[in-house]
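**Student:** Here are the chains, one letter per residue:
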Amino acid sequence: MIDLRLNHRQGDFHLNVNLSLPAVGITGLIGRSGSGKSTLFSCLAGHLKPRQGCISLSGRPLFNSTLGLNVPPAQRRIGVVFQDGLLFPHMSVERNLAYGSQNRGTVFWHEVIEALDLTHLLNARPLRLSGGERQRVAIARSLMAEPELLLLDEPVSALDPALKARTLDLIARVQRQTQIPMIYISHAPEEIRRLCHQVVTLQDGQVRSVTEGEAHGVGPKLAAVGQVICAR
Amino acid sequence: MFGLSPTEMSALVLSLRASSLAVLWALPFAIGLGWVLGVKRFPGHGLLNAFVHLPLVLPPVVLGYLLLLLLGRKGLIGGPLYDLLGLRIAFTESAVVIACAVVGFPLMVRAIRQSAEAIDPRLARAARSLGASELRVFFTVTLPLMAPGILTGLTLAFARAVGEFGATITLAGNIPGKTQTLPLALFTVTQSPGGDAAALRLCILSLVLAGGALLASEAIARRTSLQEVPA
Numbered sequence: 001m002i003d004l005r006l007n008h009r010q011g012d013f014h015l016n017v018n019l020s021l022p023a024v025g026i027t028g029l030i031g032r033s034g035s036g037k038s039t040l041f042s043c044l045a046g047h048l049k050p051r052q053g054c055i056s057l058s059g060r061p062l063f064n065s066t067l068g069l070n071v072p073p074a075q076r077r078i079g080v081v082f083q084d085g086l087l088f089p090h091m092s093v094e095r096n097l098a099y100g101s102q103n104r105g106t107v108f109w110h111e112v113i114e115a116l117d118l119t120h121l122l123n124a125r126p127l128r129l130s131g132g133e134r135q136r137v138a139i140a141r142s143l144m145a146e147p148e149l150l151l152l153d154e155p156v157s158a159l160d161p162a163l164k165a166r167t168l169d170l171i172a173r174v175q176r177q178t179q180i181p182m183i184y185i186s187h188a189p190e191e192i193r194r195l196c197h198q199v200v201t202l203q204d205g206q207v208r209s210v211t212e213g214e215a216h217g218v219g220p221k222l223a224a225v226g227q228v229i230c231a232r
Numbered sequence: 001m002f003g004l005s006p007t008e009m010s011a012l013v014l015s016l017r018a019s020s021l022a023v024l025w026a027l028p029f030a031i032g033l034g035w036v037l038g039v040k041r042f043p044g045h046g047l048l049n050a051f052v053h054l055p056l057v058l059p060p061v062v063l064g065y066l067l068l069l070l071l072g073r074k075g076l077i078g079g080p081l082y083d084l085l086g087l088r089i090a091f092t093e094s095a096v097v098i099a100c101a102v103v104g105f106p107l108m109v110r111a112i113r114q115s116a117e118a119i120d121p122r123l124a125r126a127a128r129s130l131g132a133s134e135l136r137v138f139f140t141v142t143l144p145l146m147a148p149g150i151l152t153g154l155t156l157a158f159a160r161a162v163g164e165f166g167a168t169i170t171l172a173g174n175i176p177g178k179t180q181t182l183p184l185a186l187f188t189v190t191q192s193p194g195g196d197a198a199a200l201r202l203c204i205l206s207l208v209l210a211g212g213a214l215l216a217s218e219a220i221a222r223r224t225s226l227q228e229v230p231a
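Taken in order, these protein sequences are the chains called A and B.
In terms of my numbering, the numbers along the first sequence are unbroken and rise by one, the last being 232.
In terms of my numbering, the numbers along the second sequence are unbroken and rise by one, the last being 231.
Simulated from the structure, these hints should not be mistaken for laboratory data.
It cannot be assumed that every hint is accurate.
As the list claims (entries may be wrong) - In the SDA-like style, the derived pairs of lysine to any residue whose C-alpha atoms are separated by at most 20 angstroms in a straight line are:
1. A:49 - B:118
2. A:49 - B:134
3. A:49 - B:178
4. A:49 - B:122
5. A:49 - B:131
6. A:49 - B:125
7. A:49 - A:22
8. B:40 - A:23
9. B:40 - A:47
10. B:178 - B:40
11. B:40 - B:118
Remember, it's a predicted structure, so these values are computed and weren't measured experimentally.
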């Protein structure tokens, strides 16, 4: 389970969230701009320290204001994929992928590269990549670090419609194969209902609804990916 | 070389040596301060920024005199150094290096701060979320991305140090063969009868050195901006 009890104030904005989500499949987090999606994203990833509350992931406490606990992002095992990929521009694609990976050259490494169709891009520099390619590398880079949870912050919003659809399919496939739970943040509900197993709607810093998404069930794991994930 | 007298030659060599040493000594501090000023926000940020940039706007002679008060034989720092260790700073080559470092420092910090400000803070966050420690984030992400600013700062500070006059003459004096740098040698020959040819020679040398450093700085800036345009 992903347990979130957060109370955070930033100027006039007040985030007050009390959520328990199953750590399986893809959870959509939707809401207009200013609804608190990004603040929640930052609190979960550990990039922002909430004023009050607690966060735990599969029973592992990540933040607890009463106990003074705040696990740093590097130890949270929560991967992040930003809107524009945000690859390290001074490193090749391969070095980007290896940055958080302990598995360079292993079966898992090759599985992820193959699943995201990156073999021909390994030596390229991020500035030479198209928007879709950048996002594929960013997703792969996060997966290589074997996160327990992957946060995707509007990863397709900058892509054209055709590429958007392909990337969404890819995300769904990668989730089925790796079984890594994902939280997909978006301001466009139509974009993610199809993709998500459950959808949380935020409004003015509060949870307005938690509904079931259109995606059901979980697909088979890739054998190699499953082994590595289970072995950790 | 170029018809330079031994004194002029030694002034040129001293200028190059002192300026190089000055920028190299100042570099780690400038990187640290440039990063702190560019990335961190804290009470007193503006004050620290103003203090760092003070040498840019203070008359160099004032700067030299303040340094003399600090580093002279009876100075706040220079006094104990001389009494306890027998170390003399004022009117030595070390004084030339310090004067050059102080005047070039704000130019370095400024260039580095600007390049630190231009780095998307989410890159560091992405690195942290990939398991990197703060130290690893700094050395593998922040520092390489600040490199263009560091190189620009280095060349600008070097050019400024080569041309340094007021602080140097106040703190280090104008001792031929010991603390006489290129600008001081130029000043000396302009004060001597029949020194026109030597003055012109040293003037051209100064122009070549400063111009070369500026061209290098421009080339670095241009190369960097070209790299930042997505292909």
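**Student:** Under the criterion that the straight-line Cα-Cα distance not exceed 20 angstroms, is the pair residue 49 (chain A), residue 178 (chain B) satisfied?
**Tutor:** violated (57 angstroms)
**Student:** Compare the distance between the alpha carbons of residue 40 (chain B) and residue 23 (chain A) with 20 angstroms, and conclude whether the hinted pair is satisfied.
**Tutor:** Judged against 20 angstroms, a Cα distance of about 35 angstroms means the pair is violated.
**Student:** Would you mind confirming whether the straight-line C-alpha gap from residue 49 (chain A) to residue 22 (chain A) stays at or under 20 angstroms?
**Tutor:** Distance ~23 angstroms between residue 49 (chain A) and residue 22 (chain A) Cα, so the pair is violated.
**Student:** Residue 178 (chain B) and residue 40 (chain B): Cα distance at most 20 angstroms?
**Tutor:** Violated - the C-alpha atoms of residue 40 (chain B) and residue 178 (chain B) are around 42 angstroms apart, more than 20 angstroms.
**Student:** Hinted pair, alpha-carbon criterion (20 angstroms max): residue 49 (chain A), residue 134 (chain B). Please report holds or violated.
**Tutor:** holds (17 angstroms)
**Student:** Next pair to validate is residue 40 (chain B) with residue 118 (chain B); report whether the Cα-Cα distance is within 20 angstroms.
**Tutor:** holds (13 angstroms)
**Student:** Between residue 49 (chain A) and residue 125 (chain B), is the straight-line Cα distance small enough, at 20 angstroms or below?
**Tutor:** holds (13 angstroms)
**Student:** Check whether the Cα positions of residue 49 (chain A) and residue 131 (chain B) lie no farther apart than 20 angstroms.
**Tutor:** Judged against 20 angstroms, a Cα distance of about 18 angstroms means the pair holds.
**Student:** Run the distance test for residue 49 (chain A) versus residue 118 (chain B): straight-line Cα separation, threshold 20 angstroms.
**Tutor:** violated (24 angstroms)
**Student:** Take the C-alpha atoms of residue 40 (chain B) and residue 47 (chain A), compute the straight-line distance between them, and say whether it is at most 20 angstroms.
**Tutor:** holds (15 angstroms)
**Student:** Given the proposed pairing of residue 49 (chain A) with residue 122 (chain B), does the C-alpha separation stay at or below 20 angstroms?
**Tutor:** holds (16 angstroms)
Consistency with the previously given hints fails for numbers 1, 3, 7, 8, 10, ordered from lowest to highest.
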